[in-house]
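K.L.:
Chains A and B are the protein sequences, given in the same order.
At position 68 of the first sequence the residue is numbered 68 (my numbering), and the sequence of numbers has no breaks.
Here my numbering = 1-based position in the second sequence + 1000.
Please note: incorrect hints may appear among the correct ones.
[Unchecked claim] Here's a subset of chain A near chain B, in silico, CB distances under 8 angstroms, partners left out:
no. : residue
1   : V61
2   : P174
3   : N176
Simulated from the structure, these hints should not be mistaken for laboratory data.
Even for Gly, the Cβ is constructed at its ideal location relative to N, Cα and C.
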Amino acid sequence: MNSSVMYAAAVILSTCGAVSAEGITVAGSTTVQPLAEKLALAYETVAPGVTVEISGGGSSVGVTSAGNGSADIGTCSREVTQAEFERFPDLEALCIARDGIAIIVGPDVPVTNLSKSQVRDIFAGDITDWSEVGGPSEPILLVSREEGSGTRAAFENIVLADAALISGAAVLQPSNGAIVTTVATTPYSIGYVSFGYLDGSVTALSINGVAATVENALAARYPIVRPLLMLTDGEPSPAVRGWLDFIMSPAGQSIVESEGYLSVGPVE
Amino acid sequence: MTRKGAVESAMRTVLLCAGLASLLIVAMTGIFILREAMPAFREVGVWRLLSGSEWRPGQELYGLLPMIAGSGLVTLGAVCLGLPIALGCGIFLAETAPGWIRGVVKPSIELLAGIPSVVYGLFGLVVLVPAVRGFDYPGNAGFGLLSASIVLAVMILPTIASVSEVAIRSVPDEYRKGALALGSTRWEMIRTVVLPAARSGILSAVVLGLGRAVGETIAMIMVIGNSVMMPSAMGGPLPGIFLSRARTLTGNIAVEMSYATGLHSSALFATGVVLFVLIMLVNSAARALMARNAGGGRG
Chain A
1 MNSSVMYAAA VILSTCGAVS AEGITVAGST TVQPLAEKLA LAYETVAPGV
51 TVEISGGGSS VGVTSAGNGS ADIGTCSREV TQAEFERFPD LEALCIARDG
101 IAIIVGPDVP VTNLSKSQVR DIFAGDITDW SEVGGPSEPI LLVSREEGSG
151 TRAAFENIVL ADAALISGAA VLQPSNGAIV TTVATTPYSI GYVSFGYLDG
201 SVTALSINGV AATVENALAA RYPIVRPLLM LTDGEPSPAV RGWLDFIMSP
251 AGQSIVESEG YLSVGPVE
Chain B
1001 MTRKGAVESA MRTVLLCAGL ASLLIVAMTG IFILREAMPA FREVGVWRLL
1051 SGSEWRPGQE LYGLLPMIAG SGLVTLGAVC LGLPIALGCG IFLAETAPGW
1101 IRGVVKPSIE LLAGIPSVVY GLFGLVVLVP AVRGFDYPGN AGFGLLSASI
1151 VLAVMILPTI ASVSEVAIRS VPDEYRKGAL ALGSTRWEMI RTVVLPAARS
1201 GILSAVVLGL GRAVGETIAM IMVIGNSVMM PSAMGGPLPG IFLSRARTLT
1251 GNIAVEMSYA TGLHSSALFA TGVVLFVLIM LVNSAARALM ARNAGGGRG
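Based on the sequences and whatever the hints tell you, model everything.
P.N.:
See the structure below:
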């Protein structure tokens, strides 16, 4: 019994030592989280002794945690707002990847292309019937994320240009996965998700005639693309700098691509 | 003092502490929620929070009326659908069920109470929502108050059935014998003697069911649509209101809490305060009814 207590104490002490030596804490966007976890895992194998601890909370939490120093890095899946920069003037944003947002419809909708302004009018509640955009005479059911979600904020920013609001009649689902399931199973519905969540159950619409593909988004033809940001409060510490450099390296950017996001630098 | 006496008084203190601990936990929870909600009460104002019909945290608009209406209507719907079945179940178990059927039905009702609510939500999402979508009604998408009410009716059924069964069982047998001796049929006896005698017990069963209904969260999120809108009949006849999408008070907190900061987060705690007060009212109503029932039974 005595030896097992000693062993436990040794384990606890050694873990504490490792964390205080080279620990990086990350908090924020749930969209960035799975990607950050992959990037952390890869970095921990090339830089032994470094541990990266990642938690969620959402993009707003990411901005706040970076700004007030409660995390070394805050992640954010939308542009940082003017108000947030005023609150935390020392924030430095590094765009580590970009992500397309696809407009998806269920299996009953024959429409395959919409203009960006039609998408705006549909989500603002000004167009309410599929017949107004070349579909059958059926009411449009909106499916959206909840307030506070980075995907919703990016969508409102890019498509609604922050001028209009998503109609209150929209069905709200609290995750990307739930949006795909709801749209796939609800006739005449329309929603929006990150490219990474597209699967065969839903159709991604072309926007202004451009198909929602990674190639089109990389070539800046597809119009609904958002940045994935890593935020630090001023100049990052050497340990944090090391990880960020790895993420921007060809090795890191290859991971970005293999996870279904758009790379922002050369890949291997 | 003897050793036995010392153990006695020590145990009394331990039990007192256990009792006080639960009181302390309720008080601390209440105080904490209230403290977190204070910024919202101060900046938005209690009346604007309760009566505002717009909830748009991005626009600094915090009105809880659509959610209060949503919670109220879905609870009403659940009681309307669930009460007849639950009460029938209670009467059946207490009065007419043969022993072996009772031995099957009662455990299955208890099992119903033990199924996690997310399973009910999943059932609602996969079966009820598409079924309700079959109603040809403008604006009906399957998600909404009707689907949610059906799910909730099933969830409150075990509570109402078992509490009302106990209430009916506690009616003294002399009442039944008297009624039968006066020439009543079985049903006349149940309707005119047993049910009125068990009335307050049945009422408290309903109120307990209400408490469960108001507090249900995850199953509601899955089927009600979570739209922030005042439920309306969408231009049709009034019962059409149940095909409208809505959001419950509990759903408001659960859907938005993970991303909320600042005043938004405080407004969600204020939603919690409203729920806390509602549940407190429902529970005190149940207690008052049960106290009256106990008194009546003895007299």
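K.L.:
Taking the earlier hints as the rules, which of them does this structure contradict?
P.N.:
3
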